[in-house]
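There are 2 protein chains.
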Amino acid sequence: MARRSDHSRDEIKAMAIAAAAAILARRGVQALSARQVAKDIGYTVGTLYLVFKNLDELILHVNAATLDELAQLLREELHRHVEPQPALRALAQRYWEFAQQQHARWSLLFTHQLAVNAKPPAWFATKVRQLFAMVEEPLQQLHATQSSHERALVVRALWGGVHGVCALALSDKLRWGEEVATPELLDSLVTNFLHGLLQG
Amino acid sequence: MARRSDHSRDEIKAMAIAAAAAILARRGVQALSARQVAKDIGYTVGTLYLVFKNLDELILHVNAATLDELAQLLREELHRHVEPQPALRALAQRYWEFAQQQHARWSLLFTHQLAVNAKPPAWFATKVRQLFAMVEEPLQQLHATQSSHERALVVRALWGGVHGVCALALSDKLRWGEEVATPELLDSLVTNFLHGLLQG
DNA sequence: ACCTGAACACCGTTCAAGT
DNA sequence: ACCTGAACACCGTTCAAGT
Numbered sequence: 034m035a036r037r038s039d040h041s042r043d044e045i046k047a048m049a050i051a052a053a054a055a056i057l058a059r060r061g062v063q064a065l066s067a068r069q070v071a072k073d074i075g076y077t078v079g080t081l082y083l084v085f086k087n088l089d090e091l092i093l094h095v096n097a098a099t100l101d102e103l104a105q106l107l108r109e110e111l112h113r114h115v116e117p118q119p120a121l122r123a124l125a126q127r128y129w130e131f132a133q134q135q136h137a138r139w140s141l142l143f144t145h146q147l148a149v150n151a152k153p154p155a156w157f158a159t160k161v162r163q164l165f166a167m168v169e170e171p172l173q174q175l176h177a178t179q180s181s182h183e184r185a186l187v188v189r190a191l192w193g194g195v196h197g198v199c200a201l202a203l204s205d206k207l208r209w210g211e212e213v214a215t216p217e218l219l220d221s222l223v224t225n226f227l228h229g230l231l232q233g
Numbered sequence: 034m035a036r037r038s039d040h041s042r043d044e045i046k047a048m049a050i051a052a053a054a055a056i057l058a059r060r061g062v063q064a065l066s067a068r069q070v071a072k073d074i075g076y077t078v079g080t081l082y083l084v085f086k087n088l089d090e091l092i093l094h095v096n097a098a099t100l101d102e103l104a105q106l107l108r109e110e111l112h113r114h115v116e117p118q119p120a121l122r123a124l125a126q127r128y129w130e131f132a133q134q135q136h137a138r139w140s141l142l143f144t145h146q147l148a149v150n151a152k153p154p155a156w157f158a159t160k161v162r163q164l165f166a167m168v169e170e171p172l173q174q175l176h177a178t179q180s181s182h183e184r185a186l187v188v189r190a191l192w193g194g195v196h197g198v199c200a201l202a203l204s205d206k207l208r209w210g211e212e213v214a215t216p217e218l219l220d221s222l223v224t225n226f227l228h229g230l231l232q233g
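Taken in order, these protein sequences are the chains called A and B. Take 34 as the starting number for the first sequence in this note's numbering and just add one per residue. Take 34 as the starting number for the second sequence in this note's numbering and just add one per residue.
Because the hints were derived from the structure by calculation, they are not lab data. Everything numeric in this text was worked out from a predicted model, so none of it was measured. Mixed in with the good hints, there may be bad ones.
No copy is singled out in the list; a pair is fine if it fits within one copy or between any two copies.
In silico SDA-like cross-links for lysine to any residue, where the CA-CA straight-line distance does not exceed 25 Å [unchecked claim]:
| # | residue 1 | residue 2 |
| --- | --- | --- |
| 1 | K152 | S41 |
| 2 | K86 | A64 |
| 3 | K152 | R59 |
| 4 | K46 | H114 |
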């Protein structure tokens, strides 16, 4: 058992977030529990509640880390491209890659509902916004939007769409009749949407 | 307490499915448990396990009922339209309406992961397919697809997209910076996708 | 001051025992 | 034959008690 003062509050926090992410990656969302996280970092479950208000708050921080990692991946992908259309298609593929490889962590971003009253903190919304900024950049280059409202509309519609194709693919809801590979679906969605946008 | 032979196996099944759907509609997914369902139908929790293999199987049937209801709503909407493009836009709006009004039941369709090995039964995949058939019909009318593969591709890309916009909107992930109403997002997605498809 | 460990009110699931 | 109710192995969360 870890003795007192072995770790600072912030160290315990970071250890717990890392342990939770590892559980999600290795054993899935079903295996994530406060007791298991506590065990993995060598403290009792009570200690977790000295450092986090509750399990929801721990998950919020896990999700924040996931958003950061995902934004980093998309940023790297974005910098590999000059032309906006190939960039957007590649970002969609990268998003799918992450969703597939980190299924549990990715889906927890969207399935984790905070308590009915609670709104996510501002710093969390900022991280979400930073993710969308990766998509906004090539969209701006296309010069297809006039107003700021139109830009807000287009980035949300396109990325909402990409997200949905990935979500349905991972939930196995697209596997009936003819099989279609997800990368091809994403390419169809992005390409057709952008064509429509540029010609409308 | 209900006495033996008060209800047949099938009656108990139907009561349990209805009770579970009611819990989801009134109190959300957090409130759904085998014990609560049993209480609501006047049996003990043990009886539930005589009739369902486990809670996952009960949820599978709840989801089947949700798919039927949703397909019925979309079918009614579809029959109100003659022109394919307005029909597809209206179907997207109807999907959003249902997702919003029946948040817990709708999201359970996608968040409920069966055990790692288990594939959903064929009758469940059939219900999913019937849902997509509502979208396939107006898409066929557009005569924009050549092969059956292309039709399979387009229906999945478009409806995956619509699904994703609804999913992100309900998970509050689109609420930063400028506010954009979801119906407007869906219209942008469907309209641009179809324009791109018809002109590509 | 920091952490434990037991307690409380819940879970899903099983199954001997009752009617 | 049908159903119960207690048991088991888990949960999240709290908090008096220990060092």
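Structure-based check of each hint:
1. In this assembly of identical chains, the alpha carbons of K152 and S41 never lie at most 25 Å apart, being 28 Å within a copy and 46 Å across copies at closest.
2. Taking CA atoms no more than 25 Å apart as the test, K86 paired with A64 passes in both settings, with 20 Å inside one copy and 21 Å between copies.
3. In the homo-oligomer, the alpha carbons of K152 and R59 lie at most 25 Å apart only across protomers (21 Å), although the nearest pairing inside one protomer, at 29 Å, exceeds that limit.
4. In this homomeric assembly, K46 and H114 never come within 25 Å of each other (Cα to Cα): the closest approach is 37 Å inside a single copy and 56 Å across copies.
Comparing the model with each numbered hint stated earlier shows that hints 1, 4 do not hold.
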